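Visitor: As given, the protein sequences belong to chains A and B, one line each in that order.
According to this note's numbering, the first sequence holds residues 1 to 548 in order.
According to this note's numbering, the second sequence holds residues 1001 to 1353 in order.
Heads up, a few of these hints could be off.
Computed cross-link-like contacts, DSBU-like style, restricted to lysine-lysine with a CA-CA straight-line distance of at most 35 Å [what the hints assert, rightly or not]:
#	chain 1	residue 1	chain 2	residue 2
1	B	Lys1305	A	Lys233
2	B	Lys1257	A	Lys56
3	B	Lys1305	A	Lys487
4	A	Lys226	B	Lys1283
5	B	Lys1187	A	Lys438
6	B	Lys1305	A	Lys527
7	A	Lys233	B	Lys1283
These are computed hints drawn from the structure, not numbers from a lab.
Every value quoted in this text rests on a predicted model; they were computed, and no experiment measured them.
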Amino acid sequence: MTNTIQDITQDANLILLIGSNPEEAHPVFGMQIRQAVQRGAHLLVADPRDIDLSQKADIHLKLKPGTNVAFVNGMMHIIIEEGLQNQEFIDERTENYEELKKLTASYTAERTAEICGIDPQQLREAARLYATAGNSAILYCLGVTEHTSGTEGVMSLANLAMLCGMIGRPGTGVNPIRGQNNVQGACDMGADPDKFPGYQKITDPKVFEKFEKAWGTKLNPNPGTKATQCFHKMMTGDIKGLFIFGEDPVRTDPDTNHVIHALQSLDFFVIDELFMTETAKYADVILPGRSYAEKEGTFTNTERRVQRVRKAVEIEGNTMADTDIFTEIMNRMGYPQPKLTPAQIMDEIASVTPSFAGISHERLDSEEVDGRGLQWPCTGKDHPGTRIMHVGKFARGKGLFQPAEYRASCELPDDEYPLVMMTGRILYHYNACAMTDKTEGINEIAPEAFIELNTADAEKYGIADGEMIGISSRRSEISARARVSDKTRPGETWMPFHYLKAGANWLTSAALDSISATPEYKVCAIKVRKLSPEETEAAEASARATLA
Amino acid sequence: MIHVTIDGMQMEVQEGTTILQAARGAGINIPTLCDLEGINDVGSCRVCVVEVEGREKLPTACNTPVEEGMVVQTMSERAVDARKMALNLLLSNHHRGCFSCPSNGACELQDLCYQYGVEESSFAGARKQIETPPVEGHPFLSYHPELCIHCERCVSTCAKATGREAITFRKTGMFGIINAPFGEDYKDTLCESCGNCAQNCPTGAITEKRKKKYRSWEVSRVLTTCPHCAVGCQMYLLVKDGKIVDVEAADGPSNHKLLCVKGRSASFDFVDSPRRIRTPLVKNKETGEFEEATWDEALDLVAEKFTDIRDSLGGDALAGFACSRSTNEDIYMLQKMVRTAFQSNNTDNCARV
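Pulled out of the complex, with its shape left as it was, chain A reads as follows (with noise of 0.2 Å):
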């Protein structure tokens, strides 16, 4: 996030939520926005469902799924045309404007309208509040990332805000919520096949050289393959070896029998995991790691606030802490690695990571701290950290208007798949379940998976609300009980992917992102039908089965 929750929720006037539903999936960052709402702020939400904020908005923009970028497009069209735009700012910031203007131009609100299934007025409405509110936010999560044209997504979003001068000042902003507690922190540590920590490239001739020297040894200077494309080697051969720690893709990532086939290609596959998932059962060795709970360090929130996380107790049995479990590795394939406490570790994070130069255990456990954590760039150790991003200046100078034209999703309905579906988290349960369905309670309140069907659709098939229904795609088959009901428009669907027992991801696309390589969870075809009687007994059999 460019900015922070609490001046989102605090400072600004009007918040516009596209492709994120933070009741769900970030609640305490939904009960902060509900309070927004409460104190006057304006809210948008742009999102195809129903979603519960939707009902306290200004106004809801029920989009047609993959079309975020023919909306914003439509947006800024409307901002041109109606002079709203913030020129100064657009003089002063930013480069690349006529481009922008150039391109927006065919986005009329009644062209919009028509891609994005919505009324031109209200388009025209929103467009001229977002412009007008004073400070307004831009909110979004994975319902504009997960598409072919995700980044896209993202940098017309960009686009917006420049265009209205949006940014560098509390209350305003292009802020992605992310998704997992430490999805921020995995991509700052350099988790990432051609960035080393902090984003710093390692085709840069000067950070490889910085790196070779810190950790004293030859690198290999190839960029590396992004984890989605990996799977596809590992198929083809050029990947024999694979270490996974904590992730379950069987589960989590698109078209499961892709993935299966993938990791039984491996030569030898190694998991550092808590428990036996789905993707463990594939896995030549098993490494026990340790829990956030068991452990020392810290994760880093959507906010780029780095925080503490502390040991609170220790498990029986013969479990590694995860940092000595690379060690290991390291020493014994020839990298004389000295074992470090997380504390020793973050200081050599600082050593090498400029926008970390100034965090520490240490620092953020002191009092000057104060339990606030510290948000990055921290660039020295009386640097404060950086609560709001590009004030006065973007990062790279100028701020630069990069627009794109819509394209539509890369499978859409046709007449054998006539259902798009969608997925997406619920309240109650975190990604593969690995974490929740621990607790008896939680299986109680949820405990089994459900497609959201409209009541047209259900009329259409015949299928009432609570029935067992079969849902195929090009890749698989699943059964699921349907909850009928206006949520979706007609033609739409939406699953949670959480379930082992009819996992969304069977039926789900691999198509990527050209860029980012995210997959198009948003979109795919389906087809749903009604099950026999003995299709049924199964399908409850097996929801029952769950979690037993």
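Fit chain B to the given chain A structure using the hints.
Guide: Frame of chain A; chain B shown alone:
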């Protein structure tokens, strides 16, 4: 600025400051029960009453703004007597079964009655006539009306702090009733099971059911960051005899003492779950079954196989993915292992999935 004297101490405070805020700012303690700063200032419990020179009535400090020249006594005989009377009245509707109450030892009403020497109520407690049974259908939360002092902290927490408005307060004749959505029909209510109401309840009226498994004085508290989403809520893990038994919200910069159901109720059962893998496992190629191994056996095998692949095909034939749920320190070391020992840049995390 307003000039005010509290317990003989002269001070200057901003206009609009309450007597309670002014006193606390000067380190003077005025007891409260229903007050929750920024959330609840209904002034219904009346234990914060103080004496103001020249005023007949004793105002409630929590919602009375200071006035120029005001002279306040927080511990005058009248104030203390009125406070005792307020506690006496509150106690008349409060079932004093402290032995079996999960909030025993962590009850603000109990603490104040102890401090002011109020042991019994001299009143009959009219609300008992209409009392409804305990509400216990929810897997995590319960409401016991006989312990409720109608301070409305839960109502305000749900309405203003979480913004959900799932708990409501309604009047029936002369009585008020708290509608706690924890009955058998809890799935049909607006309740999100976050439990912020329970954390803010001053008595044991609304509690997390798991609180029955420990006493507040038996646990140590470890401040940490929630392991679920990226909001980064600060919370305490409550540890009894080496096991995590509960979670409490801490006042973190992104959560302000709030938690959701996952953080409060689903962030610790998995830690010591019987389903945890607790020893290295190596798959027997013949049988396809996993067999227990020592760390040396497992690590040597891993190093040998990866070294073979690296040395015969080059580092690009190896890959290592980090976990976006783990700590920065873990992730840094994982990518360092891949880049230095594997000689590969095929490292990534689950940011894309």
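Visitor: A separate judgement is required for each hint: does it hold in the structure or not?
Guide: Hint check results:
Of the supplied pair hints, the one linking lysine 1305 of chain B and lysine 233 of chain A holds, its CA atoms being roughly 19 Å apart against a limit of 35 Å. Annotation: proposed proximity of lysine 1257 of chain B to lysine 56 of chain A holds, straight-line Cα distance about 24 Å (limit 35 Å). Between lysine 1305 of chain B and lysine 487 of chain A the CA atoms are separated by roughly 51 Å; this puts the pair beyond 35 Å, and the hint is violated. A C-alpha spacing of about 28 Å is found between lysine 226 of chain A and lysine 1283 of chain B, which places the hinted pair at or below 35 Å, so the restraint holds.
For the hint pairing lysine 1187 of chain B with lysine 438 of chain A, the CA-to-CA distance comes to about 20 Å; that is within 35 Å, so the pair holds. Simply put, lysine 1305 of chain B and lysine 527 of chain A have alpha-carbon atoms about 44 Å apart, too far for the 35 Å limit, and the pair is violated. Proximity of lysine 233 of chain A to lysine 1283 of chain B is assessed by CA-CA distance (about 24 Å); at most 35 Å being required, the pair is judged to hold.
In this structure, the earlier hints numbered 3, 6 are contradicted, and the remaining ones agree with it.
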